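Chemist: For the protein sequence lines, the chains are A and B, in the order given.
So in my numbering the end of the first sequence lands on 148, straight run, no missing numbers.
So in my numbering the end of the second sequence lands on 906, straight run, no missing numbers.
Keep in mind the hints are simulated off the structure, nothing from the lab.
There could be a bad hint or two in this list.
As the list claims (entries may be wrong) - Part of the chain B face toward chain A, derived, beta carbon under 7 Å:
1) Y398
2) W616
3) A620
4) T621
5) I865
Said to hold, decoys possible - Quick partial rundown of chain A residues pointing at chain B, CB under 8 Å, derived from the structure:
6) Q71
7) P75
8) F81
9) P82
10) K144
Keep in mind the model is a prediction, meaning the values are calculated, not measured.
Where is the CB? At the ideal position from N, CA and C, for every residue including glycine.
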Amino acid sequence: MNQPITGLSGTWTHSFEEDEGDIQTYRPNGSFAFPPSRQGRDTLDFEQAGQVVSGTPGPDDRLLLSSSGMTSLGMNRFRIGDAQVIEVIASSPDVLKVRRT
Amino acid sequence: MMGETDPVQQGQAHEMPSGGMKNLKSRPNGSHGGGGGGNDGPGGFGDGTGGDMPQVRQCATMDVHRRLLSTDNEYARMRDEVENDAARFSLAGLSAQRPGITRIPVVVHVVWNTPAQNISDPQIASQIDVLNRDFRRTNADVGTTPVPFLPLATDARIEFVLATSSPSGAPATGIERRQTSVTDFTSNDAVKSAASGGMDAWPAAHYLNIWVCPLAGGLLGYAQFPGGPDATDGVVIRHSAFGINGTAAAPFNLGRTATHEIGHWLNLNHIWGDDGTGCSGTDNVSDTPNQAGGNTGTPAFPHVSCSNGPHGDMFMNYMDYVDDRAMVMFSAGQVERMQACLDGVRSTIGQGAGAIRPSSSPAVAWGPNRLDTFVLGTDRALYHKWFNGTWSPSVTGYAFLGGTSTSVPQAASWGPNRLDVFVTGTDSALYHKWLTGTSWGPSATGYEYMGGVCVDEPRIVSWGPNRLDVFVLGTNRALFHKAWNGSAWSPSVTTYESLGGTCMGQPEVVSWGPNRLDIFVIGTDHALYHKWWDGASWGPSLTGYERLGGACTCAPRAIARAPNRLDVFVTGTDGALYRKWWNGTSWGPSADGFERLGGICTGQPEAVAWGPERIDVFVIGLDSGLYHKWWDGVAWGPSLTGYESLGGICTSTPRCVAWGPNRLDVFLTGTDSALYHKWWDGAGWKPSIAGYEFMGGTVSAFREEEAQESAAVGMPMPHAKKPSPMASAS
Chain A
48 MNQPITGLSG TWTHSFEEDE GDIQTYRPNG SFAFPPSRQG RDTLDFEQAG
98 QVVSGTPGPD DRLLLSSSGM TSLGMNRFRI GDAQVIEVIA SSPDVLKVRR
148 T
Chain B
177 MMGETDPVQQ GQAHEMPSGG MKNLKSRPNG SHGGGGGGND GPGGFGDGTG
227 GDMPQVRQCA TMDVHRRLLS TDNEYARMRD EVENDAARFS LAGLSAQRPG
277 ITRIPVVVHV VWNTPAQNIS DPQIASQIDV LNRDFRRTNA DVGTTPVPFL
327 PLATDARIEF VLATSSPSGA PATGIERRQT SVTDFTSNDA VKSAASGGMD
377 AWPAAHYLNI WVCPLAGGLL GYAQFPGGPD ATDGVVIRHS AFGINGTAAA
427 PFNLGRTATH EIGHWLNLNH IWGDDGTGCS GTDNVSDTPN QAGGNTGTPA
477 FPHVSCSNGP HGDMFMNYMD YVDDRAMVMF SAGQVERMQA CLDGVRSTIG
527 QGAGAIRPSS SPAVAWGPNR LDTFVLGTDR ALYHKWFNGT WSPSVTGYAF
577 LGGTSTSVPQ AASWGPNRLD VFVTGTDSAL YHKWLTGTSW GPSATGYEYM
627 GGVCVDEPRI VSWGPNRLDV FVLGTNRALF HKAWNGSAWS PSVTTYESLG
677 GTCMGQPEVV SWGPNRLDIF VIGTDHALYH KWWDGASWGP SLTGYERLGG
727 ACTCAPRAIA RAPNRLDVFV TGTDGALYRK WWNGTSWGPS ADGFERLGGI
777 CTGQPEAVAW GPERIDVFVI GLDSGLYHKW WDGVAWGPSL TGYESLGGIC
827 TSTPRCVAWG PNRLDVFLTG TDSALYHKWW DGAGWKPSIA GYEFMGGTVS
877 AFREEEAQES AAVGMPMPHA KKPSPMASAS
């Protein structure tokens, strides 16, 4: 759990049913069967070259995408854009757990 | 029984007017110049409803929405316009301009990857049924609305019907299917294009597009707000959240995902204002409580947030995020916002196929910016001219449709690209032809023989898609009826049902809703008589009529400007125009009385309604000029008995069509027997107040031949083509 994480990759969708306290659970797109939900799900798409595309359910239930730069702050912490920092609690091919600060 | 009641009486006989309808200042040909005259009262038109744009209400918006707006300037501009419309409605306290129920044609594109996702027709039908309950407030669970919110639960006056004709006019089921190699779609609109594994949209101006498909990430559905690109307009619904049977799965198996998404499509926002969990967002609706975030599941009442106690969130609203069984209502403010959308950016949807149907006429409109006119040539053949932005085959040209007719052509439309035209032949039988898309049935110049020996003109009305009701007078002057139900004529293609009576002049028929007909005729005592079909039986009886009094000197003209609202216009023995109306419960001004509207009219008046509180009436004066008056919901303009002079020397009954709010198109013939046109575009009369657009006709040829003709034929025009005998379908 405390191994340093050098990079993030893949496309992840918020599996909010599995959240524990302030720790958010993301599951990989395509291989995880998300249950239907009226409340939309955030997404995180980690791209090459330190970019991340964040998806947020919009006012018409469509995903609104915004692209931001991502920089590693060390200690499994990453800055996304200017305002947001996520701390990666766990990362495996099946699950990504983060805390937003 | 008609003609067996009291002698002619009309309590409202008045002196001849000395005011309007006497001046002659212009001719409907040549330069079309000259002004009108003889107006009584203020001359301005259109100063009632639908005037200036009031100030714009400022609304808080959410960051995510702003991001979207900033990405597309055109989208942002359109969204501003939509919000202006909504604000104008709300601020001005305007009532919706659409009369009654708006019936929206729907196309369902089923895009499936696995066979189970290829949902059944009954599952689709179940979804349409849900929409028709939820948007009419006839859902059984509306009664579960907490008492404080129940008075706000409102009928949105919108219904949905699977499209019965394709964009090209071909018969359609309103359901399209394809298998795709895409296992799961996302909200990136790939499902809306054949090139990316989906299916292309049908024209957004006339159809609500619903795509049903597998969606990734548990997404139930998404929408596009009004004002976006046509190619992606509509809603997308997960196959397992669509309808109430088949693959529909709890807790999203009551069809409410489509209700929610169509709410967005009609410009509704999420009820909490899309500001995350804050209290600063707004849904742009004033009667929904301020609310923090979206609710999920099945909350218990009350759920208080943002200091909105004691009643708390209106979480049972379709625009929250709760489970299907927990959402049961739209509020009055939301309905107002949806109706503003229908009057504004979505003004083209549901007009042609769902609006209240006027009686047949030689001029009809099946949609916004669409006009079809039918005339007889000197050869008595039928000719057609149409407008879809430009006139076809040309401004002064006509398309030849064959036949040898003895009546003014009567056209009706039950949907986009669909026209049904009826005439009587030289044998006095009824003949029919129909336009589907660009193709005429039974053939380009052929007609369907429909039997009968008809006196005067037939009248036709359509109360819904694929439905026609035809009324003719027999040689005994009784009223006869036949109907098309989508698959067959009843009682048969060549026979008729007798509805009794002894009628003078042609019948008038109007429909204010599905399975509803109101027929007006003049009896031998010159009184006005009424009968109706209520969906189950004829009233007051199969062959009986309700006597409405009066001493009428022309066939009646009737309009329905809203459900269960009727206005009937006739001329009296003094030549003046008279009106009586049905307000839903009784006849006004009295059971056998009429409201006198002045003037000295020749021929039958023309009346149209482009909104529930709007009537426009056109008459021909003694000088053969065209005169106009209007009801704006409050009073008659230019005055109770005054008229606006619109110039011209008219030789036919004026025919007026309103293809949308604040739009009028008037057609008539001039002394040269050519067709003339003028129109009101919301700002003024075009080409000028007394001017007319010349629409063809060869004056000398027509006059020579006209002298040889004996029977009265309305709106004739010459044409170089040879006459051809009426041909029945072979």
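Chemist: Would you mind marking each hint as holding or not holding in the structure?
Modeler: Against the structure, the hints come out as follows:
1. Interface restraint check for Y398(B): the shortest CB-CB distance to chain A comes to about 4 Å, inside 7 Å, so the restraint holds.
2. Annotation: W616(B) was flagged as interfacial toward chain A, and the flag is violated, the nearest CB pair being 42 Å apart, outside 7 Å.
3. Nearest Cβ of chain A to the Cβ of A620(B): about 46 Å, over the 7 Å cut. The hint is violated.
4. Checking T621(B) against chain A by beta carbon gives a least distance of about 50 Å; that is not within 7 Å, so the hint is violated.
5. A least Cβ separation of about 45 Å between I865(B) and chain A goes past the 7 Å threshold, and the interface hint is therefore violated.
6. The interface hint given for Q71(A) is violated, since its Cβ lies 15 Å from the closest Cβ of chain B, which is over the 8 Å cut-off.
7. Hint on P75(A) is violated. Least Cβ distance to chain B is approximately 11 Å, over the 8 Å limit.
8. Using the Cβ-Cβ criterion of 8 Å, the hint placing F81(A) at the interface with chain B is satisfied: the shortest such distance is roughly 4 Å.
9. About 5 Å separates the beta-carbon of P82(A) from the nearest beta-carbon of chain B, less than 8 Å, and the hint is met.
10. With 8 Å as the threshold, the beta carbon of K144(A) stays out of range of chain B, its nearest partner Cβ sitting at about 18 Å, so the hint is violated.
When held up to the earlier numbered hints, the structure conflicts with 2, 3, 4, 5, 6, 7, 10 and fits the remainder.
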